[in-house]
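Please build the complete structure, drawing on both the sequences and the hints.
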Amino acid sequence: MQNNRWGLPDLGLGVGLRTTHYAHILSEKPDIGFFEILTENYLDTGGRPLFMLDQIAERYPTVMHGVSMSIGSTDPINFEYLAKVRALAERTGSLWVSDHICWTGVLGRNTHDLLPLPYTEESLAHSVERIKVIQDFLERPLVLENPSTYLEFADDDMKEWEFVARLAEEADCGLLFDVNNVYVSAYNHGYDPVAYIDAIPADRVCQYHLAGHTNKGTHIIDTHSDHVVDPVWELFGHTIRTVGLRATLLEWDADIPPFEVVHQEVLKAGDWRRQEVANVA
Amino acid sequence: MSLDRPELARLQHWMQEVVAHPGTIEEAIESDGAEQKIPSERLSDVVLPSHSMTSAERVGVYHGMYLMRMEEALETDYPVIRYHLGDRQFSHLVREYVQRYPSTSYTLNRLGDHLPQFFLDEPQWHDAAFLHDLARLELAMTEVFDEEESPVLGSEELEAVPPDAWEEARLRPIPALRLLAFKHAVIPNLVAYHEDRPSPGPRRRATWVVLYRRDYSVLRLELSRAEYDLLKAIVEGAPLGEALATAAASKSQRQQAKVFRWFRTWISEGLFTAIES
Chain A
1 MQNNRWGLPD
11 LGLGVGLRTT
21 HYAHILSEKP
31 DIGFFEILTE
41 NYLDTGGRPL
51 FMLDQIAERY
61 PTVMHGVSMS
71 IGSTDPINFE
81 YLAKVRALAE
91 RTGSLWVSDH
101 ICWTGVLGRN
111 THDLLPLPYT
121 EESLAHSVER
131 IKVIQDFLER
141 PLVLENPSTY
151 LEFADDDMKE
161 WEFVARLAEE
171 ADCGLLFDVN
181 NVYVSAYNHG
191 YDPVAYIDAI
201 PADRVCQYHL
211 AGHTNKGTHI
221 IDTHSDHVVD
231 PVWELFGHTI
241 RTVGLRATLL
251 EWDADIPPFE
261 VVHQEVLKAG
271 DWRRQEVANV
281 A
Chain B
1 MSLDRPELAR
11 LQHWMQEVVA
21 HPGTIEEAIE
31 SDGAEQKIPS
41 ERLSDVVLPS
51 HSMTSAERVG
61 VYHGMYLMRM
71 EEALETDYPV
81 IRYHLGDRQF
91 SHLVREYVQR
101 YPSTSYTLNR
111 LGDHLPQFFL
121 DEPQWHDAAF
131 LHDLARLELA
141 MTEVFDEEES
151 PVLGSEELEA
161 VPPDAWEEAR
171 LRPIPALRLL
181 AFKHAVIPNL
191 VAYHEDRPSP
201 GPRRRATWVV
211 LYRRDYSVLR
221 LELSRAEYDL
231 LKAIVEGAPL
241 GEALATAAAS
251 KSQRQQAKVF
261 RWFRTWISEG
271 LFTAIES
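Same order as they appear, the protein sequences are chains A and B.
Per our numbering, the first sequence starts with residue 1, numbered consecutively.
Per our numbering, the second sequence starts with residue 1, numbered consecutively.
If you are wondering where the hints come from, they were derived from the structure by calculation, not from laboratory data.
Predicted model only: the values in this text are computed from it and were never measured.
Be a bit skeptical, because a hint or two may be false.
Between beta-carbon pairs, the in silico distance windows are [said to hold, decoys possible]:
(1) B:E168 to A:K29: 46 to 56 Å
(2) B:E35 to A:P9: 45 to 55 Å
(3) B:D196 to A:N279: 48 to 58 Å
(4) B:V152 to A:F137: 48 to 58 Å
(5) A:E234 to B:E35: 55 to 65 Å
(6) A:G217 to B:D196: 31 to 41 Å
(7) B:S52 to A:P201: 27 to 37 Å
(8) B:T76 to A:V229: 43 to 53 Å
(9) A:S27 to B:L221: 48 to 58 Å
(10) A:F137 to B:E35: 31 to 41 Å
The following residues of chain A were derived to be distant from chain B, with all beta-carbon distances above 12 Å [stated by the list, open to error]:
(11) V85
(12) D155
(13) E162
(14) D192
(15) H227
(16) W233
Built from N, CA and C at the ideal position, the CB exists for glycine as well.
In structure tokens:
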């Protein structure tokens, strides 16, 4: 088992911080390794969200996860946004900042969706250059997540896993490896998820994501609205064997249940972690 | 790269055009804006079909999620308008609104900033003037929710002002304060929403309200016209002597007592952050 090249800590098990859970977290102080915050929810507020976040960040390690960095967009980089991201990272002491391998808009607009990049040499070179600039500006490791995708471009030069691996190596950035996203994209595009996992450079992986999804029959949507399905747990086990132990986070963003339910779900990841460690020993 | 292969920028411009189009996925792919970038008959040369979906259906997944996401964001900020309009009309409103005012920010929290203006732009919208007022109320509530936190003016600071300095003293409002005047009775609609009662709908009645935040909750005080005028003068920086003299112009003891009562309420509710004498 390897560690990541930056020596970023394995924070254990974490959950995404959601407003409906603020009161429970502050009153019950659950035993949890870390919280991941949705970056954009805290950038332009001086009210209750920031007040709650400050209290939670005092008690727990936090990491930041954004959706608007748009690293593959052909629009100019938004440095005003990045300055706010950097300031929030300093305020919360976030150990790393993550976003997605995608683009979200062009021509000054934002669709607020994680739109797919073509896996071409052009797109790779473009994204790598932007990641280098962004990473320098943020002055901390930038960690990028493999996306869930619902289409494939005909002109792709490489498979998604090759694009992700080369992007991380050439831009010298970290990876947030979302196991559910691999399952979703593999189902949608008909490839082997294990081949994807085996191709990921282990020393660049800083964090894992797990989540539930919605199977529409013809395709799967990454809804973060349910429990993690068994095949994704199996892939998680394979990922731990291949990559190693990393900070592991459960995302639950729609039909959000009480905190205890989310907590119980991420504790299952703890069982998988212990089992894989025992097997290695 | 061959001429047939769309470069990254063209591909992204095309995809955004399709995803954000208000019609069906077929209409989106065949729209003028999309056709100029990638002709619809070439779709399968750009997006592969899957074992179970056509190229158009696959792009349609993103297209379908766009308006849903916009609607979720706007119903968070405008629950009373949604309650008044009902689901179907609200969806129609969102579709029209994001065509005119698409998101240009990294955050969806500010997507609805132009909704009051939208109802001025679109006076043919049923009850547009009422909806304009309701949108102003709900927008102001989101602004107050997100404003910077600030200390509240305490009684010690007030008592420390020398008697001869009161005339020229100015009160600085907390940032999380909005003073609003409406042509319609908007508050009964807000109350009906919170109490899950039928929306009373549009009724013309001049209404004055101050929204403010205390202990991270958004609160409101309904005001009379005279209260509104006095508070507005103070908030805009008028010296206290001048503002109070105008408000208590009749100089009757009753009027002066009333002004004193208003003033005491505003101080105790924490509407001010400092006094500058």
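Hints and how they fare:
1. Range check, E168 (chain B) to K29 (chain A): about 51 Å between beta-carbon atoms, so the 46 to 56 Å window is met.
2. Distance hint check: the CB atoms of E35 (chain B) and P9 (chain A) are about 52 Å apart, consistent with the given range 45 to 55 Å.
3. Checking the proposed 48 to 58 Å range against D196 (chain B) and N279 (chain A) shows it holds: the Cβ atoms sit about 54 Å from each other.
4. Take V152 (chain B) and F137 (chain A): their Cβ atoms lie about 37 Å apart, and the range 48 to 58 Å is violated.
5. A hinted range of 55 to 65 Å for the beta carbons of E234 (chain A) and E35 (chain B) is inconsistent with their spacing of about 45 Å.
6. G217 (chain A) and D196 (chain B) have their C-beta atoms about 36 Å apart, which keeps the hinted 31 to 41 Å range intact.
7. At roughly 32 Å, the beta-carbon separation of S52 (chain B) and P201 (chain A) lies within the given 27 to 37 Å, and the hint holds.
8. Between T76 (chain B) and V229 (chain A) the C-beta distance comes to about 29 Å, which lies outside the given range of 43 to 53 Å.
9. At about 31 Å, the beta-carbon gap between S27 (chain A) and L221 (chain B) misses the expected band of 48 to 58 Å.
10. Against the hinted window of 31 to 41 Å, the Cβ-Cβ separation of F137 (chain A) and E35 (chain B) comes to about 38 Å, which satisfies the hint.
11. With a least beta-carbon separation of about 9 Å from chain B, V85 (chain A) fails to lie farther than 12 Å from that chain, contradicting its non-interface assignment.
12. The beta carbon of D155 (chain A) is not kept farther than 12 Å from every beta carbon of chain B, the shortest such distance being approximately 5 Å.
13. Distance to chain B confirms E162 (chain A) as a non-interface residue, since its nearest Cβ pair spans about 17 Å, more than 12 Å.
14. Consistency note on D192 (chain A): stated as away from chain B, and its beta-carbon is indeed over 12 Å from all of that chain's, at 14 Å minimum.
15. No beta-carbon of chain B comes within 12 Å of the beta-carbon of H227 (chain A); the shortest separation is about 22 Å.
16. No Cβ of chain B comes within 12 Å of the Cβ of W233 (chain A); the nearest lies about 25 Å off, and the non-interface call holds.
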